[in-house]
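Chemist: Read off the chains here:
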Amino acid sequence: MARTAMTGTAAATTGAVTLLIGTRKGAFTLRSDGSRRTWKLSPPMFLGHIVHHMMLDPRDRRTILMAVSTGHLGPTVYRSTDAGKTWKESSAPPAFRKVPEGEKGRSVDHVFWLTPCHANEPDSWYAGTSPQGLFRSDNGGVTWTAFSYINEDLQYLEWMGTVQDGTPDGPKLHSIIVDPRNPKHLYFAMSGGGVHETVDGGKTFLPLIQGLEVVEGFDPATVTFHDPHCVRLCPSNPDRLYQQNHCGIYRLDRPSDQWVRIGKNMPKAIGDIGFPMVVHPRDADVAWVFPMDGSTVWPRVSLGGKPAAYVTRNAGRTWSRLDKGFPRADAWWTVKRQAMSRDGHDPLGLYVGTTSGEIWASRTEGQRWTCIARHLPEIYSIEAATFGR
Amino acid sequence: MTVHIPSALRSYTNQQGEVQVDGATLGDVLSALDARYPGFRFRIVTEQDRIRPHIRIFVNDQQTQELLSPIGQEDRVYIVCALSGG
Chain A
0 MARTAMTGTA AATTGAVTLL IGTRKGAFTL RSDGSRRTWK LSPPMFLGHI
50 VHHMMLDPRD RRTILMAVST GHLGPTVYRS TDAGKTWKES SAPPAFRKVP
100 EGEKGRSVDH VFWLTPCHAN EPDSWYAGTS PQGLFRSDNG GVTWTAFSYI
150 NEDLQYLEWM GTVQDGTPDG PKLHSIIVDP RNPKHLYFAM SGGGVHETVD
200 GGKTFLPLIQ GLEVVEGFDP ATVTFHDPHC VRLCPSNPDR LYQQNHCGIY
250 RLDRPSDQWV RIGKNMPKAI GDIGFPMVVH PRDADVAWVF PMDGSTVWPR
300 VSLGGKPAAY VTRNAGRTWS RLDKGFPRAD AWWTVKRQAM SRDGHDPLGL
350 YVGTTSGEIW ASRTEGQRWT CIARHLPEIY SIEAATFGR
Chain B
0 MTVHIPSALR SYTNQQGEVQ VDGATLGDVL SALDARYPGF RFRIVTEQDR
50 IRPHIRIFVN DQQTQELLSP IGQEDRVYIV CALSGG
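Heads up: the sequence lines are chains A and B, in that order. The first sequence begins at 0 in numbering that gives the first Met the number 0 and counts up by one. The second sequence begins at 0 in numbering that gives the first Met the number 0 and counts up by one.
What the hints contain is simulated information worked out from the structure, not anything from laboratory work. The beta carbon of each residue, even a glycine, is placed where N, CA and C say it ideally should be. Be careful, since some hints might not be right.
[Said to hold, decoys possible] So the derived label-pair ranges between C-beta atoms look like this: (1) P5/B x D322/A: 17 to 27 Å; (2) R49/B x D256/A: 34 to 44 Å; (3) E102/A x D27/B: 35 to 45 Å; (4) G16/B x D168/A: 23 to 33 Å; (5) R49/B x K202/A: 41 to 51 Å.
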């Protein structure tokens, strides 16, 4: 069973790790032994359903929420309070306001992102949807309502753009981040539509896009043109955020509102385009990315067919390639924004899922990688969980 | 009337492929189904009261996507998952 040990000034987890895996054809778990050397794959859960995200509640380490849709059916959220043994559907999944007849209203296509609220708000969760919407549940995911004004705000609707402005399978609200020091201080990101912040519990949100670049030829002052792929806050220093953007890798040190493009320090032949970003829970100078080919028609595969993660250990001043154990050639992987994750152990475990259905793990913070599952459906998301007793 | 339930929705109906409900319109029928099987309606009707893009509904042999479509007591309603997926 997992327990907590202290490493330096922060708590490191120990014991078995369970990967919660969302795929285009259902959910799976991969559970390790205590050493993280051997892994056991579960049978599929909700086979055939599109599972966008599955998240353990860190406040009780038993409850899991799962964002689900199917090719035919609309979106919903399932909840398990027994670590995934049984599931119950939300009685009121995230949904936009019904508009009067004759007006054009929005409809949630799928729930894309799940974030537990602050540690002092048990049973409360945020959800981000496609098209972009921000929702909250205060009863453990049983019912959901719109959070704040942004789902209806004309300015925000303009910034969200149309379905054609978003990612290929729909524009998304993602990277909902709660400041661990203050439940009223939140960030979220939209693809497209930029990064946003509230310091008053959602009464007001403001864009946080200074220093971010946009596609060549467009005006970076226009919020709509911004496409953050993944934003992460450093648990060991909540004033520091990292971001993998459509146009580079960035760091932000608050109270500054100026993102710095630390991806400029990546090797020129690799560039700084990709989807996921992972930060170290106990060292805010350490972060990982998984670069994708962003050239010409945006292939979004490992550059040259040679997969590699990159790590910075000095807040983005320099980057090192981490590819030991990965295929040396002919591996044209795509890794989506939710498909790279970490556990809390020391040394940290890293996990990468590919759209071709493989999961690769490193018990050494990326120094060496091993394939721990293959032949899965297209992987959308991985979260590393440590269940309680 | 009789409502034919596609396999994708039978997790709501205790695996029943046909159920009997009452209602004067298609909207009434779907609301009655939702009352008996909570969550059923939202999986096939959006919050804007539109039948979802990959769902088709037939009343006898006539397709309708309008919730106000009248339904007779002897009609048969077919909820169909359109050809999609893969």
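Chemist: Confirm or reject each hint.
Modeler: We went through each hint and held it up to the structure:
1. P5/B x D322/A: 17 to 27 Å: 46 Å, violated
2. R49/B x D256/A: 34 to 44 Å: 40 Å, holds
3. E102/A x D27/B: 35 to 45 Å: Given about 23 Å between the Cβ atoms, the range is violated.
4. G16/B x D168/A: 23 to 33 Å: For G16/B and D168/A the Cβ distance comes to about 31 Å; the hint holds.
5. R49/B x K202/A: 41 to 51 Å: 32 Å, violated
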